[in-house]
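Heads up: the protein sequence lines correspond to chains U, S and Z, in order. Under my numbering, think of the first position of the first sequence as 1, with each following residue one higher. Under my numbering, think of the first position of the second sequence as 1, with each following residue one higher. Under my numbering, think of the first position of the third sequence as 1, with each following residue one higher.
If you're looking for bench data, these hints aren't it; they were derived computationally from the structure. Some clues are possibly wrong.
[Unchecked claim] Straight-line distance between alpha carbons at most 16 Å, and here's what the computed EDC-like set of lysine to aspartate or glutamate pairs gives:
id	chain 1	residue 1	chain 2	residue 2
1	Z	K280	Z	D51
2	Z	K361	S	D123
3	Z	K199	Z	E226
4	U	K21	Z	D366
5	Z	K58	Z	E121
6	U	K72	Z	D366
7	Z	K401	U	E325
8	Z	K218	Z	E157
9	U	K4	Z	E342
10	U	K4	S	D123
[Said to hold, decoys possible] Across the chosen pairs, the derived CB separations fall in these ranges:
id	chain 1	residue 1	chain 2	residue 2	range
11	Z	K445	U	G294	53 to 59 Å
12	U	L235	S	N48	54 to 60 Å
13	S	N48	Z	K123	57 to 63 Å
14	Z	E157	S	G59	51 to 57 Å
In this text, all values refer to a predicted model and were calculated from it rather than measured experimentally. All C-beta atoms in this analysis are idealised placements derived from N, C-alpha and C, irrespective of residue type, glycine included.
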Amino acid sequence: MANKLIVSLSPHVHSGDSVQKNMYGVIIALIPALLVSLFVFGLGAAIVTITSIAACVLFEWAITKYILNREKCTITDGSAILTGLLLAFNLPSNLPLWIIIIGALVAIGVGKMTFGGLGCNPFNPALVGRIFLLISFPVQMTTWPTPGQLTSYTDAETMATPLSIMSRAIKDGNAEILNELPDSLSLFLGQSAGSLGEVSALALLLGFAWLLYKRIITWHIPVSILVTVFVLSGLMHWTNPAFASPEYHLLTGGLMLGAIFMATDYVTSPMSHTGQLVYGISIGVLTVIIRAFGAYPEGMSFAIFIMNAFVPLINNYFKPKRFGEVAK
Amino acid sequence: MNLILVAVIALGAIGLIAAVVLYLASKKFAVFEDPRIAQVAEVLPQANCGGCGYPGCSGFAGACVKAADAGSLEGKLCPVGGAPVMEKVAAILGLEAVASEPKLAVVRCNGSCENRPRIVQYDGAISCRVAHATSGGETLCSFGCLGCGDCVKACKFDAIKMNPETGLPEVDAEKCTACGACAKACPRGIIEIRPKGRVVKGEARRVWVGCVNKDKGAIAAKACAVSCIGCGKCQKVCKKEAITIENNLAYIDPAKCIACGLCFNECPKHAIHASFAVPVPRPKVVKPAEEPAAPKAAAKPVAAASEGVSAEPVQKSASKEVPAAEKQQQQ
Amino acid sequence: MKTFRIGGVHPAENKLSAGKPIVTAELPKVAVFPLSQHIGAPAVACVAKGDEVKVGTKIADAGGFVSAPIFSSVSGKVAKIDTVIDASGYRKPAIFINVVGDEWEESIDRSDTLVKECDLEPKAIVEKIKNAGVVGMGGACFPTHVKLTPPPTAKPECVIVNAVECEPYLTADHQLMLEHPDEILVGVTLVMKAVNVNKGYIGIENNKPDAIKLMTEKAAQYPNIEVVPLKVKYPQGGEKQLIDAVIGRQVPAPPALPVSVGAILQNVGTMYAIYQAVQKNKPLFERVVTVTGKSLANPTNFMARMGTPMSQLIDACGGLPEDTGKVIGGGPMMGKALMNTEVPICKGSSGVLIMNQKESKRAEIDPCIRCAKCVSVCPMGLEPYLLATCSSLADWERDEKEDITSCIECGSCQFTCPSHRPLLDMIRLGKSTVMGIIRARNAKK
């Protein structure tokens, strides 16, 4: 026989799943939201997305090659593209190029590669980038272009987001300000101001359906976040009408984007289903608290960021149910 | 002013109370430890390698003190520090150090890619212990080195390295402290901690069997060109009765071996290794001794091969050891 | 439809030899019988070089209670007692017999008539099974008489027959059910009598509708035997998973046994062997073996004598293909990759699987992305990623704390890992080390 026999321990077959398949699966799931953002923000959205992805991939390549001196480059696994895409989805479409590039550098350089690259980062890299930008460039990061200006970029006219309206209503204790909010159907379809990826809840839900169908993620984290936010904000709206109704909370800001795509990031979410539920509920509670009482109108990214830090602890305390431990 | 005074008095009082409580607690809950243990631990290398057989250096220090109370330090050796450290320990404990030989790790397998043909390919996790559990290994020899480098990972002194050409680990005699971590890590017990040997002309002389194959001669010979086949020729030639043969495998007792090199020259399979250049006996002596050995060595093709190049490999393997010996001389 | 509750995967079934009739394999020229074909103490040879043996002659005695005797499957002369590389990849002692003719021991009933009645006492049945060398034929080879002698504190309530055959490719049990349903059912009644229970279940996955139909029809003629169709999911054939699937009870962590929840589990092949041993006086010396593989010309189910070299069966299927990468004894999920094809068929050889070079090579290992897929597929509710990491860091205490000893080594985690990490390799290493530590600790006590 020409070939040597191969010996190894079982199993001798594999499901054929791979890191690439999962990463590109998530990217495909983000395409509906990307199309909506192109439709709503036009040129600006295209520039921000392309710059962000290109910068992330470039930084990952440069860092692996010249700083870590690794032979194997990991840019083909799709994780850098995904980080770039998610980062772009968290930015307003009129953000200047240089800020985007700084964001990408922080996301990949600080958020991911300092910890050793894929699989080692404690925080979601795209979130690290976004939060860095939000704190460093608060003005640029919170002026949102009015939808429908398809050919303008940094020169676009801006307007308030539904979330800042909601935040103002709570601070003034005046429920009438809420009347400025667009109706929930237009929020659902994506007709309001905001970051690239968060404008259309419908497109994001389509992506969620795809992820579930491909078994890339399980329902636990997104559903627990959405349900918690809905219930908690419902209670608050009931006690104080200055607090917007729960459907607004679900449809506005980065809640959908965060719940479906950011919080479910493999590397930075808990391993067991019970742990995932605890994580999701905590994110939901934190989000509502920050939105209601915090300095920033948006709480999703901070909530996920804080809970990322708790993931090792959650993993330690919330174990999957062992076989045979069922009470008889 | 009053405020400052109150603060000073209050803080002072708290401090005083805490001090008293701490003082009482330290008296009440004091654990007596023999001060000599700390003294001994201080002179130890603090590598915490466990080579002495105790959990870390402080464990060894405790054991030394206990042994000293019993009267003797016999059997206690810090392999890393060696004799100088043990002398210091003995001095602290008011005893005489028991002289012990310097040792080092010896790899008892020479099944390089050339000597031991690979018949299957291992495709699992890179770990000797996993490979050991998977199958007999990539070759027909189910006793020899698996080449995944568990010993290299175990060494804390960077003294053992994989040679990519032979696929076998090599020990750096200068760096090796004989802590035994590699010997423990090897799932097949190939690595042995042996005395460095008698020093002659500045080089330590030792002779060992570089094989651990316990299969019958025919099977062992088929698996590897340099396997010990248990033919017993070395045992016959040894004048000090240092060689025993058990389970088709020769073993040289380092306590009895005088490193004369007779067995090295006698072995038909070149399975015996020496750390020094063994003087090659005059061809007249070698040839008759070598030729009748060939038919006895069970597997014909391999025996024939070793016969064909009989004189050459002796020199070759001996000269291979020369650089190491030279290194030691320089040292 | 019933199935087990935690985890599980769906490997491609690839039952290439399904529905192919069982072919009687030719007699080998030399039959080789390794002395340890079962879990427990190796058997002790009771023949010497030069002895004449017949088909069914005992050639090795049981080496203890947890052990089983070995019988010759051929007639001829004992050539030597030497070593052979068995499925483990190591040389093990074995008896070599040169085959001459095919002469059977006279005590064996070679007729095909079905013997339903059995008036033996339960103890006598177990004794007969023990003396026929019957072991679990699913692959683990646990001596059957030990399973049928539950500890006095345990109370068996039912017998569960494992006819799941959840391993991809293998069809030996399936075909056996189609061709010998009555013998199997009589075997079930015998076991029920032996352990004094009056309920028997036969668990069959619903990818074998013909077997479910046939067995249900036939089982109606026997009292208290029920066929349970199960949803297809790997590793349903694991004993704990099957008990969970069939009667909805979970066996607690070791040292609990299946009988702790009242179940006695036996493979369907074992049932056939029990029937042969008790009703026909035929000791265990042949079994059904599936020889299969995508590159193999003609995958077949054989009735092969023990000791037949696998190469002979492979040749009968059209020969070993040119680009063979792996020859696996057993199925692809839990089988062992063999070092050569001369390994003899043993009591536990349920199949021989040939994989080509491309299928055999493992993909390159990527870093763990903590996707938690291994956690969600683990049928024991363990965290494979954590166990593997602790094993590679030699943190055995943590391994033990995380219940590594509960691992059934089904391979679902490694099968599903998108990063192709050798999870099970490392878990096996950790498990065996931890077991050793526990044994040493218990020995000290």
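Outcome of the hint check:
1. Between Z:K280 and Z:D51 the alpha-carbon distance is near 26 Å, which puts this suggested pair outside the 16 Å criterion.
2. A distance of roughly 7 Å separates the Cα atoms of Z:K361 and S:D123; the hinted pair therefore holds under the 16 Å criterion.
3. Between Z:K199 and Z:E226 the CA atoms are separated by roughly 8 Å; this keeps the pair inside 16 Å, and the hint holds.
4. In summary, the hint linking U:K21 to Z:D366 is supported, as the alpha carbons are separated by about 13 Å, within the 16 Å threshold.
5. A C-alpha spacing of about 24 Å is found between Z:K58 and Z:E121, which places the hinted pair above 16 Å, so the restraint is violated.
6. Simply put, U:K72 and Z:D366 have alpha-carbon atoms about 11 Å apart, close enough for the 16 Å limit, and the pair holds.
7. Distance restraint check for Z:K401 and U:E325: the Cα-Cα separation of roughly 15 Å lies within the 16 Å cut-off, and the hinted pair is therefore satisfied.
8. At most 16 Å may separate the alpha-carbon atoms for a hinted pair to count; Z:K218 and Z:E157 exceed this at roughly 23 Å.
9. Distance restraint check for U:K4 and Z:E342: the Cα-Cα separation of roughly 15 Å lies within the 16 Å cut-off, and the hinted pair is therefore satisfied.
10. The straight-line distance between the Cα atoms of U:K4 and S:D123 is roughly 12 Å, inside the 16 Å bound, and the hint therefore holds.
11. Checked against the hint of 53 to 59 Å, the C-beta distance between Z:K445 and U:G294 comes to roughly 58 Å, which is consistent with it.
12. For the hinted restraint 54 to 60 Å between U:L235 and S:N48, the CB-CB distance of approximately 57 Å keeps it satisfied.
13. Here the CB-CB span from S:N48 to Z:K123 is close to 59 Å, well matched to the stated 57 to 63 Å.
14. For the pair Z:E157 and S:G59, the supplied restraint of 51 to 57 Å holds, since their beta-carbon distance comes to about 53 Å.
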